[in-house]
Amino acid sequence: AQKVTQAQTEISVVEKEDVTLDCVYETRDTTYYLFWYKQPPSGELVFLIRRNSFDEQNEISGRYSWNFQKSTSSFNFTITASQVVDSAVYFCALRVNTGGFKTIFGAGTRLFVKA
Amino acid sequence: DTAVSQTPKYLVTQMGNDKSIKCEQNLGHDTMYWYKQDSKKFLKIMFSYNNKELIINETVPNRFSPKSPDKAHLNLHINSLELGDSAVYFCASSPGQGGNSPLHFGNGTRLTVT
Chain A
1 AQKVTQAQTE ISVVEKEDVT LDCVYETRDT TYYLFWYKQP PSGELVFLIR
51 RNSFDEQNEI SGRYSWNFQK STSSFNFTIT ASQVVDSAVY FCALRVNTGG
101 FKTIFGAGTR LFVKA
Chain B
116 DTAVSQTPKY LVTQMGNDKS IKCEQNLGHD TMYWYKQDSK KFLKIMFSYN
166 NKELIINETV PNRFSPKSPD KAHLNLHINS LELGDSAVYF CASSPGQGGN
216 SPLHFGNGTR LTVT
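Chains A and B are the protein sequences, given in the same order.
Read in the numbering used here, the first sequence has 68 at position 68, and its numbers run on one by one without any break.
Read in the numbering used here, the second sequence has 211 at position 96, and its numbers run on one by one without any break.
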């Protein structure tokens, strides 16, 4: 069975601090895809990044960076120099190509960035 | 232009009523989904359609009936609404079923059953 665990329910930081959101996934499939989505207070769900299981290259995009490690089944997300606008719920998600191509979401981590 | 649009944005109704939520995507995607987000923000897939064909039907009460008249539309009809149906319902689409294509979500429909 597939599972995504985001152990951090809520994180509170002060603006300009760096913050890392943890994601641990479980699957027996050798091919799978990982995603991060952001849900700001306005409620929409916004795609941030994706990773294939065969691509462990980490990525930096502006203040965002992602650390994918198959050895620990983790796909962590770091925001550098956080800003108030980063306040949102962040979801990690997993898709495998069996069982109907479901995208399974973690429970989300609510990030509060205080000015 | 809105890529995935859902109507209505808010829906307040009483127990026992029947209601529908409509979803349309103009991205040319083949696959559409309904997700339910509960009060704790947990997102759970309900249904998935690929080219009008039902692909995923999670353990959802049969009071929920999706309908896809064409691949650009996926509507959700709910019969005999219950208090526990109160949630935000998100429609989403993707180019295909699998692979690394991300989901494109609508803005959600907040359903409140009183």
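It cannot be assumed that every hint is accurate.
Facing chain A, a subset of chain B residues (Cβ under 10 Å, in silico) [unchecked claim]:
(1) VAL175
(2) PHE179
(3) GLY199
(4) ASP200
(5) GLY221
Pairwise CB distance ranges (calculated) [said to hold, decoys possible]:
(6) VAL84/A - GLU168/B: 26 to 34 Å
(7) ASP153/B - VAL14/A: 39 to 47 Å
(8) MET130/B - GLU56/A: 49 to 57 Å
(9) LYS114/A - VAL127/B: 27 to 35 Å
(10) HIS192/B - GLU44/A: 21 to 29 Å
(11) LEU142/B - LYS3/A: 46 to 54 Å
(12) GLN57/A - GLY131/B: 29 to 37 Å
(13) LYS16/A - ASP133/B: 47 to 55 Å
(14) GLU15/A - ASN172/B: 20 to 28 Å
(15) PHE157/B - SER74/A: 37 to 45 Å
(16) HIS192/B - SER74/A: 39 to 47 Å
(17) ASN194/B - GLU17/A: 19 to 27 Å
Just so you know, these hints were derived from the structure itself, not from any lab.
Backbone N, C-alpha and C fix where the C-beta goes; we use that ideal spot for every residue, glycine too.
Quick rundown of the hints versus the structure:
Because the smallest distance between the Cβ of VAL175/B and any Cβ of chain A comes to about 13 Å, over 10 Å, the interface hint for this residue is violated. Look at PHE179/B: its Cβ only gets to about 17 Å from chain A, farther than 10 Å, so that hint breaks. Look at GLY199/B: its Cβ only gets to about 19 Å from chain A, farther than 10 Å, so that hint breaks. Interface restraint check: ASP200/B against chain A, minimum CB-CB distance 18 Å, threshold 10 Å, status violated.
Taken as an interface hint, GLY221/B checks out: its beta carbon lies about 8 Å from the nearest beta carbon of chain A, inside 10 Å. In this structure the supplied range 26 to 34 Å is violated for VAL84/A paired with GLU168/B, their Cβ-Cβ distance being about 44 Å. The hinted range of 39 to 47 Å is not satisfied by ASP153/B and VAL14/A, whose Cβ atoms lie roughly 30 Å apart. At about 50 Å, the CB distance of MET130/B to GLU56/A agrees with the hint of 49 to 57 Å.
Range check, LYS114/A to VAL127/B: about 33 Å between beta-carbon atoms, so the 27 to 35 Å window is met. Checked against the hint of 21 to 29 Å, the C-beta distance between HIS192/B and GLU44/A comes to roughly 24 Å, which is consistent with it. Range check, LEU142/B to LYS3/A: Cβ separation about 29 Å, and the 46 to 54 Å hint is violated. At about 54 Å, the beta-carbon gap between GLN57/A and GLY131/B misses the expected band of 29 to 37 Å.
One distance hint, 47 to 55 Å for the beta-carbon pair LYS16/A and ASP133/B, holds here, with the actual separation near 51 Å. A C-beta distance of roughly 45 Å is found between GLU15/A and ASN172/B, which places it outside the suggested range of 20 to 28 Å. Between PHE157/B and SER74/A the CB atoms are about 21 Å apart, so this pair departs from the stated range of 37 to 45 Å. Take HIS192/B and SER74/A: their Cβ atoms lie about 40 Å apart, and the range 39 to 47 Å holds.
Checked against the hint of 19 to 27 Å, the C-beta distance between ASN194/B and GLU17/A comes to roughly 49 Å, which is inconsistent with it.
When held up to the earlier numbered hints, the structure conflicts with 1, 2, 3, 4, 6, 7, 11, 12, 14, 15, 17 and fits the remainder.
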